[in-house]
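Peer 1: For chain W, the structure is supplied; the task is to place chain P on it using the hints.
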Amino acid sequence: MDDKDPTSVIKMIKDLRSGSEAYRRSNSSTVSLRLSGTAYTPMAFNEANECPSPKKPRLDDSNNSNLNKAEVEIVPTSPWEWRRLKGQIVSLKTRLSHQEAAVQQLHKIRRQMEEVFEKEKGILEMQVEQDKQTIKQLEVRLDISRRTIQDARDAQVAAEKELFQVKTNLEQKTMLLMNENAKLLENLKNAPVQESTPARKNSTDVSETQLKLDAAQTRITQLEEKLKEYQTKQQELELQNVELQSMKIKVERLESEKALWEEGKLLTVRAARASELEKELNAAKETIATLRESVRGKLLLEEQMASVTKRLEHTEKLEQQVASLEAKKTELSLSLAEYESIGITGGPIVLKRELNRLQQAELVLKAEEGQLRSKLDAALRESHTLSKNYEDAKKLAMDVTVSKEQLNKLVSRLQKKMILVTRERDSYRQQLDLYEKEMTIDSNNAMTERIPALERTIDVYRELVAKLESDLQAAESHNQADECNKLREEVERLKGELEHRALKGDFNCNARILHFTMNPAAIAEQQAEEKQKALLREVEELRTKVAQGGANATTSVLQAQEIAELKQTHEIKIARLKDAFKASSQEYRQACYQLFGWRVDRTKEGRYKLSSQYAESPEDFLFFKIGEEGVDLLETAFSATLGTLVEQHLQQQHSVPMFLNAVQTDLFNQQTMTNVMS
Amino acid sequence: MTETQQKAKCITLKGSAELVKEYLLYGVNSILYQRGIYPPETFEPAEHFGLFVLMSTDEKIKGFLNTVLGQIQEWLTQRKVQKITLVITNVNTKEVLEKWDFKVDYEGQVSNGANGNKSNGLPEVGTKDVKLIQREIREVIRQITGTVSFLPLLDCLCSFDILTYTVPDCGIPKEWDETQPVFIANSQEVQLRSFSTSIHKMDTIVSYRNV
Chain W
0 MDDKDPTSVI KMIKDLRSGS EAYRRSNSST VSLRLSGTAY TPMAFNEANE CPSPKKPRLD
60 DSNNSNLNKA EVEIVPTSPW EWRRLKGQIV SLKTRLSHQE AAVQQLHKIR RQMEEVFEKE
120 KGILEMQVEQ DKQTIKQLEV RLDISRRTIQ DARDAQVAAE KELFQVKTNL EQKTMLLMNE
180 NAKLLENLKN APVQESTPAR KNSTDVSETQ LKLDAAQTRI TQLEEKLKEY QTKQQELELQ
240 NVELQSMKIK VERLESEKAL WEEGKLLTVR AARASELEKE LNAAKETIAT LRESVRGKLL
300 LEEQMASVTK RLEHTEKLEQ QVASLEAKKT ELSLSLAEYE SIGITGGPIV LKRELNRLQQ
360 AELVLKAEEG QLRSKLDAAL RESHTLSKNY EDAKKLAMDV TVSKEQLNKL VSRLQKKMIL
420 VTRERDSYRQ QLDLYEKEMT IDSNNAMTER IPALERTIDV YRELVAKLES DLQAAESHNQ
480 ADECNKLREE VERLKGELEH RALKGDFNCN ARILHFTMNP AAIAEQQAEE KQKALLREVE
540 ELRTKVAQGG ANATTSVLQA QEIAELKQTH EIKIARLKDA FKASSQEYRQ ACYQLFGWRV
600 DRTKEGRYKL SSQYAESPED FLFFKIGEEG VDLLETAFSA TLGTLVEQHL QQQHSVPMFL
660 NAVQTDLFNQ QTMTNVMS
Chain P
0 MTETQQKAKC ITLKGSAELV KEYLLYGVNS ILYQRGIYPP ETFEPAEHFG LFVLMSTDEK
60 IKGFLNTVLG QIQEWLTQRK VQKITLVITN VNTKEVLEKW DFKVDYEGQV SNGANGNKSN
120 GLPEVGTKDV KLIQREIREV IRQITGTVSF LPLLDCLCSF DILTYTVPDC GIPKEWDETQ
180 PVFIANSQEV QLRSFSTSIH KMDTIVSYRN V
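Read top to bottom, the protein sequences are chains W and P. The letter at position 617 of the first sequence is residue 616 when you use numbering that gives the first Met the number 0, and the numbering goes up by one with no holes. The letter at position 52 of the second sequence is residue 51 when you use numbering that gives the first Met the number 0, and the numbering goes up by one with no holes.
Isolated chain W (complex conformation) (with noise of 0.2 Å):
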């Protein structure tokens, strides 16, 4: 299967190089699917393995429809190498199945060795339970020996016990006897003194003794026999122990024997086992490296699907813009069609010519516009200034016609002053003419011409008196009707102060108003006033006390008592506080002094009178002056004395408390010294 492997994968790849591209594109879908299906679920692959025979045919009736399609156009690939091809996928994926199949049993008989390894373990640990029961057994066979061991030496023990007081007891019987035989040995050497009278009692004394001898000996030997029978026992309990330890060994013994034969027997089955397990590892191993190798070549097969299925990805773009492009070409043969229908049939040469053609024609009639543009200009030029004259002259005119209308007017007014000064020239002559009349006319004339001048006059003036008159009348009507209008108006005023007051409530004179005696009003007045009423009493009453409350003793002395008692309350408490506050200060002062050293006294304002715990006399003392401006050292009788500390602590460092401190530690120094001393 292996061997075969990589020239058929080779053969297939060859294949689909030199396929069809359609072949590629109808089948890249199938295929893909199929192998995904084969690669991983037994159950898939079975399925797909079954697929195979329904689609075949249609596979094939797509290939050959795509075939014809593109034999007819680009790829003359025959489609028996299509069927070939086929048959190797279908071969590669029974060779695949039964790759699979293998695996499946190798893992069976996997299984079953681990069963019968199961079994084995099984039948080995009953063993080992026989084997742990005959220990218990032997070693319950042991504790019974052992016990009975005990028993024996307990007995041994006991026995010797016996012995020991069997001895003793006989021991001292044969003392007894002993003493006793001294006795009748003295009593016999007695008797011949005493024979006389008591012989034979004597004698029968003796037989009873001798008798007595007798069983004691005879005692004496049984108990001698005794302690021989005694003496073989203790033998033999020892050779009993003897036996016991050497028994005991021998039980050691077995016990190791049997562990190492346990150990021995464990070890064969063990290495029986080893062996078998290496023959099964060994086959195991073989089919796992068959397996990888399998697995190797599936692998290797993916990858070659893998990429041919990305070359068929990639064939489809090709073949898609392949497409595009025919679709571009056919597009560009149209127009180019157009373009020879429309003339230009020379092609791209007689297409430049022509446009360089034209681009010269474009020029030149360029150039043609430039030269006709600058010209336009030019008119446009020339026509802006010829309007400009013409509108000068316009002007020019205007001026010309506005001086003539003037020079009209004054025309026309020169004639009208002909026309005045001709008239006076009349009128004077007229004049000329009267005054030349009445040189010669006479009086009388003038006065009959006066008469009815003045009676006109007189008709006027009537007239106008008349006039007057009616005028005068006409307004003294008027007048009354005012009057009477404003009497309206003063009636309708009062008309309506009548109303108001009616609503209000006074129209009614005539009406009697009567009202409940004890009404709330009333109640409420009267005790409104006599609240008032009681109000004024007591501001009476009050005024009264308080111009009494000068002269008003009782009360002045009341509140002297009180404020006597409430000044010695207070004097009270300031003496209190003053001893407090001398306490507290007192206290104060010699927490000061125990703690600082210096007993300070406040001589005047300002002043302080410092006098150190370890001066010598009670004249040995510091004067401080402690003002706005700071602390200064009055000179005194001791201060005089400290003439270097004073340079050092107040002119040099300027510190009050070092030199205060400097003078204590002086002084101390100067006071232990002493105390040393004295």
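Note that these hints are calculated values from the structure, not bench results. Any given hint could be a false lead.
[What the hints assert, rightly or not] Okay, derived cross-link-like pairs now, DSS-like style, lysine-lysine, Cα gap no bigger than 25 Å in a straight line: (1) W:K107 with W:K92; (2) W:K225 with W:K172; (3) P:K13 with P:K61; (4) P:K173 with P:K13; (5) W:K532 with P:K93; (6) W:K120 with W:K264; (7) W:K494 with P:K200; (8) W:K387 with W:K374; (9) P:K173 with W:K530; (10) W:K530 with P:K93; (11) W:K608 with W:K577; (12) W:K408 with W:K393.
None of the values given here were measured: they were computed from a predicted structure.
Peer 2: Below, chain P alone, put in the same frame as chain W:
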């Protein structure tokens, strides 16, 4: 049938006087409450003529109103009242701050009505529906309630009195007294709605000091 209908639909002189009296009672109470003459906690609402009117619970006021309005009712039946005036005065200064005039007009046979009634002794009968009259009264009382919006604040201790303007030949009952009419200097008047029982026509006018 006709009689019952008449009873249901029409109103007698007595009924009219009673209605007027009730109107006066509610009007006066609501004025007393609205103008704050007595503390509001001494009032409690009661429904009259389909309207919640705050009635005083002060026994003194109740007694006073009962006696005065009883007398007025009597006079109303006798057509002796011309006007009833509720006067609000400042207790301390006795200054009249506000005046509520309830003018009474007698409708129908005014000239011979008094003689005729007295001679016949029969009660006059009005033609107006009681419901309608009550509605009119309700409107007037509503307006009285509304006057608070423009009347000046009474910020001092006040009390009230009821003056009755009667005909001159009216006898003075016991515990009653004759008094002088009251005026408010520089006053402003507002006429409220009027209502009519078809026997008595009531005009309500409020006068107050123009501040």
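Peer 1: Does each hint fit the structure? Answer for all of them.
Peer 2: Hints, one by one, checked against the model:
For the given pair, K107 of chain W sits about 22 Å from K92 of chain W by alpha-carbon distance, which is consistent with the 25 Å threshold. Distance restraint check for K225 of chain W and K172 of chain W: the Cα-Cα separation of roughly 16 Å lies within the 25 Å cut-off, and the hinted pair is therefore satisfied. A threshold of 25 Å between alpha carbons decides the hint, and for K13 of chain P with K61 of chain P the separation of about 22 Å falls inside it, so the pair holds. For the given pair, K173 of chain P sits about 23 Å from K13 of chain P by alpha-carbon distance, which is consistent with the 25 Å threshold.
Our distance criterion of 25 Å between C-alpha atoms is met by K532 of chain W and K93 of chain P, whose separation comes to about 16 Å. Taking the CA atoms of K120 of chain W and K264 of chain W, the gap is about 14 Å. The hint holds against a cut of 25 Å. Distance restraint check for K494 of chain W and K200 of chain P: the Cα-Cα separation of roughly 24 Å lies within the 25 Å cut-off, and the hinted pair is therefore satisfied. Pair hint K387 of chain W plus K374 of chain W holds up; C-alpha atoms about 20 Å apart against a cutoff of 25 Å.
In summary, the hint linking K173 of chain P to K530 of chain W is not supported, as the alpha carbons are separated by about 29 Å, beyond the 25 Å threshold. Distance hint between K530 of chain W and K93 of chain P is fulfilled; the C-alpha atoms sit about 15 Å from each other, no more than 25 Å. Annotation: proposed proximity of K608 of chain W to K577 of chain W holds, straight-line Cα distance about 24 Å (limit 25 Å). At roughly 22 Å between alpha-carbon atoms, K408 of chain W and K393 of chain W fall within 25 Å of each other, so this suggested pair holds.
Against the hints set out earlier in the document, a violation occurs for number 9 only.
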